[in-house]
Amino acid sequence: MNVFDIIGPVMIGPSSSHTAGAVRLGLITHCLLGKKAIEAKITLYGSFAKTYKGHGTDKALTAGIMGMETDDVNIRHAIELAKQNGLSVTLDVSENAALHPNTARICLVAEDGTSVELLGSSIGGGSIEVTEVNYMPVFLTGEQTTLIVLHQDKPGVIAQVADFLAEEGANIASFYLSRQKKGGESVMTIEVDGTVNQNLNDKINALPNVISSTLLAV
Numbered sequence: 000m001n002v003f004d005i006i007g008p009v010m011i012g013p014s015s016s017h018t019a020g021a022v023r024l025g026l027i028t029h030c031l032l033g034k035k036a037i038e039a040k041i042t043l044y045g046s047f048a049k050t051y052k053g054h055g056t057d058k059a060l061t062a063g064i065m066g067m068e069t070d071d072v073n074i075r076h077a078i079e080l081a082k083q084n085g086l087s088v089t090l091d092v093s094e095n096a097a098l099h100p101n102t103a104r105i106c107l108v109a110e111d112g113t114s115v116e117l118l119g120s121s122i123g124g125g126s127i128e129v130t131e132v133n134y135m136p137v138f139l140t141g142e143q144t145t146l147i148v149l150h151q152d153k154p155g156v157i158a159q160v161a162d163f164l165a166e167e168g169a170n171i172a173s174f175y176l177s178r179q180k181k182g183g184e185s186v187m188t189i190e191v192d193g194t195v196n197q198n199l200n201d202k203i204n205a206l207p208n209v210i211s212s213t214l215l216a217v
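The opening position of the sequence shown corresponds to residue 0 in numbering that gives the first Met the number 0, with each subsequent residue numbered one higher.
Fair warning: there could be bad hints in the mix.
What the hints assert, rightly or not - Only pairs whose alpha carbons sit at most 25 Å apart, straight line, appear in this in silico BS3-like list of lysine-lysine:
{"id": "1", "residue 1": "Lys35", "residue 2": "Lys202"}
{"id": "2", "residue 1": "Lys202", "residue 2": "Lys153"}
{"id": "3", "residue 1": "Lys40", "residue 2": "Lys82"}
{"id": "4", "residue 1": "Lys180", "residue 2": "Lys153"}
{"id": "5", "residue 1": "Lys82", "residue 2": "Lys34"}
{"id": "6", "residue 1": "Lys82", "residue 2": "Lys52"}
{"id": "7", "residue 1": "Lys34", "residue 2": "Lys202"}
{"id": "8", "residue 1": "Lys40", "residue 2": "Lys52"}
What the hints assert, rightly or not - Between beta-carbon pairs, the in silico distance windows are:
{"id": "9", "residue 1": "Ala165", "residue 2": "Thr50", "range": "44 to 54 Å"}
{"id": "10", "residue 1": "Pro207", "residue 2": "Thr50", "range": "40 to 50 Å"}
{"id": "11", "residue 1": "Gly112", "residue 2": "Tyr175", "range": "21 to 31 Å"}
{"id": "12", "residue 1": "Tyr175", "residue 2": "Ala216", "range": "14 to 24 Å"}
{"id": "13", "residue 1": "Lys181", "residue 2": "Gln159", "range": "10 to 20 Å"}
{"id": "14", "residue 1": "Gly193", "residue 2": "His76", "range": "30 to 40 Å"}
{"id": "15", "residue 1": "Ile210", "residue 2": "Lys52", "range": "32 to 42 Å"}
{"id": "16", "residue 1": "Ala165", "residue 2": "Ala216", "range": "40 to 50 Å"}
{"id": "17", "residue 1": "Gly155", "residue 2": "Arg75", "range": "47 to 57 Å"}
{"id": "18", "residue 1": "Val72", "residue 2": "Lys52", "range": "13 to 23 Å"}
{"id": "19", "residue 1": "Asp111", "residue 2": "Thr194", "range": "22 to 32 Å"}
Keep in mind that the hints were calculated from the coordinates and are not lab data.
These numbers come from a predicted model, not from an experiment.
Here a beta-carbon is modelled for each residue, glycine too, at the ideal position from N, C-alpha and C.
Build out the structure end to end from the sequences listed, making use of the hints.
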């Protein structure tokens with residue numbers, strides 16, 4: 000158990016699960032989009048759906064989508080700031096069962112039509128688990144430096160990414176691959192020990208058949 004497990008995250012309240020975790024889910028979706036969102040569609044499940052108003056989960060998710068961190072004092076004003084910044088937020092609640100009671104599906108669209116969709120849960124103490132990106136299964140927590148590589152399912156792409164990691168001296172802690180269909184869109188989720196240089200992410204982004212690579216640094 001580390002200090003974070005004992006005292007919880009540095010955050011604007013009231014709840015580490017409903018507020019801090021929700022901010023982190025929105026922030027990861029923001030990072031995956033890689034640009035300013037003009038439209039956000041959010042669906043809440045379980046406890047999120049029932050108590051989001053009292054815990055400010057809608058504000059927290061919106062804040063993360065705009066790039067705020069868990070300790071940003073502007074989280075409480077996120078809904079108003081979204082309107083001022085041209086971000087349209089639509090929020091729905093679902094009665095469907097989810098893998099975890101604090102679950103949200105977030106779809107973001109940028110001005111140029113680029114979009115990303117994420118399904119994730121806030122599992123307590125500000126910690127999260129992301130289980131889908133663009134309807135493809137993934138597993139990431141944001142607790143380690145992570146590369147999320149969206150790419151076309153073509154021979155050699157995984158090997159090229161692995162070669163760049165080896166050149167950087169990065170040790171892979173976990174690797175998860177999912178694809179929509181053979182030859183279609185795929186996603187690599189790679190957690191590494193320690194930190195990596197942003198140049199590594201730039202190199203991966205420049206590879207043929209890579210749609211986007213996102214570096215989530217801790």
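Quick check on a hinted range of 13 to 23 Å for valine 72 and lysine 52, using CB atoms only.
holds, 20 Å
Between the beta carbons of alanine 165 and alanine 216, is the distance compatible with 40 to 50 Å?
violated, 19 Å
May I ask you to test the hint 22 to 32 Å on the CB atoms belonging to aspartate 111 and threonine 194?
holds, 31 Å
Check the hint pairing lysine 34 with lysine 202 against an upper bound of 25 Å on the C-alpha distance.
holds, 19 Å
Tyrosine 175 and glycine 112 - C-beta distance against the hinted 21 to 31 Å
Given range 21 to 31 Å: holds, Cβ gap about 28 Å.
Keeping to a limit of 25 Å between CA atoms, is the pair of lysine 82 and lysine 34 held or broken?
With Cα atoms ~17 Å apart, lysine 82 and lysine 34 stay inside 25 Å; holds.
Straight-line Cα separation of lysine 40 and lysine 82 no greater than 25 Å?
holds, 14 Å
A range of 44 to 54 Å was offered for this pair. Does it hold for the Cβ distance of alanine 165 and threonine 50?
Roughly 46 Å apart at Cβ, these two residues keep to the hinted range, so it holds.
Are the Cα atoms of lysine 40 and lysine 52 separated by 25 Å or less?
Within the cut-off at roughly 17 Å; holds.
With 14 to 24 Å as the target window, see if tyrosine 175 and alanine 216 comply at their CB atoms.
Cβ of tyrosine 175 to Cβ of alanine 216: about 19 Å, so the range 14 to 24 Å holds.
Straight-line alpha-carbon gap lysine 82 to lysine 52, limit 25 Å
holds, 18 Å
Is the gap between the beta carbons of isoleucine 210 and lysine 52 within 32 to 42 Å?
This hint holds: roughly 36 Å between Cβ atoms.
The structure fails to meet hint 16 from the earlier list, while all remaining hints are met.
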